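Novice: Residues per chain, in single letters:
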Amino acid sequence: MTDASTASPARVMSEPSLVGRLRTFGSSYGTVVVAVTLFIVFGLTSSTFLEVENLRNILIQITVIGVVAIGETVVMLMGALDLSVGANLLFGSAIAANLAASHHSLILALPVAVLACAGIGALNGVLTAVIGVEPILATLGTFLVAGGLANIALHESFIIVNNRFFTDLAETHVFLGLPVMVAVMLALYALFSLFMKGTPFGRSIYAIGGNPRAARLVGLPTTRIRIWAFTLAGVCAGIAGLLQIGQLGIVSSTDATGFEFQAITAALVGGLSVTAGGIGRIERTLLGTVIVGMITNYQTIAGVSPNFQQAVLGAILLVAVVLDRVLRDQP
Amino acid sequence: MRLFRAAPFDVRQLDVWFLAGMTIVAIATFAAVEPGWLDGNTLQSIITQNGPLAIVSAAMTFSIISRHIDLSPGSMLALSGVVIGLVYQHTHSLALGLLAGLGLCLVTSAISGLLVTRLGLSAIIITLATYIWARGLAVGLSGGKPIVIDTALSSVTNHTVAGFTVVTPIVLVVYLGGWLALTRTRLGRYTHAMGGDPAVARRAGIRTGIYTVAIFSLMGMATWLSSVLVVGQLQSAQPYASPTLELDSIIAVIIGGSRLAGGEGGIGRTLLGVAFLSVLTNGLLSLGLSDSAYQLYEGSALLAILSSQILIRRRADRIVRRRLESERSQIGGAYV
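Residue numbers (my numbering), protein chains in the order written: chain D, 80 to 410; chain G, -8 to 327.
Do not rely on the hints blindly, as some may be mistaken.
Derived SDA-like pairs: lysine to any residue, alpha-carbon spacing no greater than 25 angstroms straight-line [what the hints assert, rightly or not]: (1) G:K136 - G:N149; (2) G:K136 - D:V383; (3) G:K136 - D:A394; (4) G:K136 - D:S331; (5) D:K276 - D:P291; (6) G:K136 - D:K276; (7) G:K136 - D:P385; (8) G:K136 - D:P291; (9) G:K136 - D:T379.
Simulated restraints, written as ranges between beta carbons of each label pair [what the hints assert, rightly or not]: (10) D:R292 - G:E318: 24 to 34 angstroms; (11) D:P279 - G:A307: 32 to 42 angstroms; (12) G:T142 - D:V383: 31 to 41 angstroms; (13) G:T20 - D:T333: 50 to 60 angstroms; (14) D:V401 - G:D1: 29 to 39 angstroms; (15) D:A381 - G:G187: 43 to 53 angstroms; (16) G:R3 - D:L187: 43 to 53 angstroms; (17) G:L278 - D:T246: 38 to 48 angstroms; (18) D:I137 - G:M212: 37 to 47 angstroms.
Quick caveat, the hints were computed from the structure, so don't treat them as lab data.
Quick caveat, the model's predicted, so the values are computed rather than measured.
Idealized CB from N, CA, C, for every residue including glycine.
Excised from the complex, chain D in its bound form (with noise of 0.2 angstroms):
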């Protein structure tokens, strides 16, 4: 737009374009009104959607790949892509519920848990930020070895856990009806949106995503930053492990399965820019999650077969992409 009020002086006065105004509402709050858009279509289409109980339900199930969305969110604004967050947030649960089934003490299960997931978390930083592994495949590794340790602590099969602290997780109400864990996922929103917003370490992550050169030549020190990015994504990894045991009552092998990729397409419909990094913020995750757990649940109440909803979530992934680029800029 700028170039074109520029390049003649008798259209530097007038109004912008309306593709040009759609443009930039659609960059600011595109995701907003597809969400609002839905909700409604939603609400007006199915009667069960809007009920109480449903919207609730939708904010049960979204936690956990909430959860995990936020440390793929910091890792992808730093222009890197974590692959390794589902089998690390098995890892996570398996290590707690071993633990607390066979020592029955969750002073020692939960932090042994989160620091485990951390572990792996700071192996990816290490082996990308020192070694110079590519993200992607640096991750793809760890992935391997986190599924490969939680099937181990699994023992190969599975492990329930009655644990009144869990169940609690699930079942106590904090305000209006909602369990801890959605208090817990909401919590950890407003304190990364906070951090990556006001905190030097956090504007130093969009600095490295939008150019890694440029930040290193001012002097951040973007190996330590690179690794501490990929340690909290492995605790919120950790933590979601924690909140799905809190969820199911049960650790077993293929829970995690493909939670990373969800993961990542919260992050996109939200409205991240891949392609680029160092662009996005972490509250439009939220957004993104709850666009997809709507997509999903609605899905389920029009008794669209589980085996098409993938189908559906990658459509929905191809056109936010899609939309999202020809909102934000000239093609």
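Starting from the known structure of chain D, fit chain G onto it as the hints suggest.
Specialist: Just chain G now, with coordinates in the frame of chain D:
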């Protein structure tokens, strides 16, 4: 380039020698631990089982050199198989089924290529969407169950000569053709140019749009060919077939020494990467390990190899740079 041809040992090939050495070490280790492993049929079964990986990796070499990583082949292989199966079920014509599968793969990959080149979207994201929807569609269309395709195709793909199936000549032809295309044709030169610097390639007058679509279509063709082989081998279309094909082939290409950042790589390197990966997975499977131990060993081995390769390459780059600098200072800066 000519500077080093006379040199006794090209230090930039060090990572290739390292990988070749590690492949031999892996073969020796598995042969020592599991004495029955290295008998007459191991080579034949490794090639037969890893045909799809080899074929897709050849196309992936073009994708990666041109900076367009393609995550779709695993899911598209399954979807193509399911489409072949469904069309065959309804028309009882294998030829129609194969054509439908080819059409699907070519159209999908060409559209991905167009989205990448016309809208400037990242290939990894577009093909990630394909990875998700194609697998979903494969599972949805087949109801999650295998579709039996018992035709003459299976007698072709499962026919053996001295233990070798038709996969062996196909892989050889694909790699020979891939090598010729990458080193001797315009497509190959432009693939390198676009990966080295897309903007410069465009300004140099290369019609990057057409060549990008061509590279994506190569992957579509490789995926279809692999799906035909898999359908023939299993006498059925499996909706959950080859769950990690795309990731395995990316690993094979990168371990072989092509760079994920684009612009550099070779098809022979990919073949070596495929060989190492195939030996590793086949050997680990023959040990009869539990799933968890298998995953753990495979992941650790791959991370170790990837890391060593990168450290070796960095060292080699430094040696080359130093040699160039010293030669430049001798000649007085007019050179290079």
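Novice: Each hint should be assessed against the structure and marked as holding or not.
Specialist: Status of the hints after comparison with the structure:
1. G:K136 - G:N149: holds (23 angstroms)
2. G:K136 - D:V383: Holds, at roughly 18 angstroms.
3. G:K136 - D:A394: Satisfied, since the Cα-Cα distance of roughly 22 angstroms is no more than 25 angstroms.
4. G:K136 - D:S331: holds (23 angstroms)
5. D:K276 - D:P291: This hinted pair holds, its Cα atoms lying about 19 angstroms apart.
6. G:K136 - D:K276: Judged against 25 angstroms, a Cα distance of about 48 angstroms means the pair is violated.
7. G:K136 - D:P385: holds (14 angstroms)
8. G:K136 - D:P291: violated (47 angstroms)
9. G:K136 - D:T379: holds (21 angstroms)
10. D:R292 - G:E318: 24 to 34 angstroms: Taking Cβ atoms as reference, R292 (chain D) and E318 (chain G) lie about 28 angstroms apart, which means the hint holds.
11. D:P279 - G:A307: 32 to 42 angstroms: holds (37 angstroms)
12. G:T142 - D:V383: 31 to 41 angstroms: holds (33 angstroms)
13. G:T20 - D:T333: 50 to 60 angstroms: Since T20 (chain G) and T333 (chain D) have Cβ atoms about 31 angstroms apart, the given range 50 to 60 angstroms is violated.
14. D:V401 - G:D1: 29 to 39 angstroms: violated (45 angstroms)
15. D:A381 - G:G187: 43 to 53 angstroms: Holds, at about 49 angstroms.
16. G:R3 - D:L187: 43 to 53 angstroms: Between R3 (chain G) and L187 (chain D), where Cβ atoms are some 51 angstroms apart, the hint holds.
17. G:L278 - D:T246: 38 to 48 angstroms: With Cβ atoms ~41 angstroms apart, the hint holds.
18. D:I137 - G:M212: 37 to 47 angstroms: At roughly 42 angstroms between Cβ atoms, M212 (chain G) and I137 (chain D) fall inside 37 to 47 angstroms, so the hint holds.
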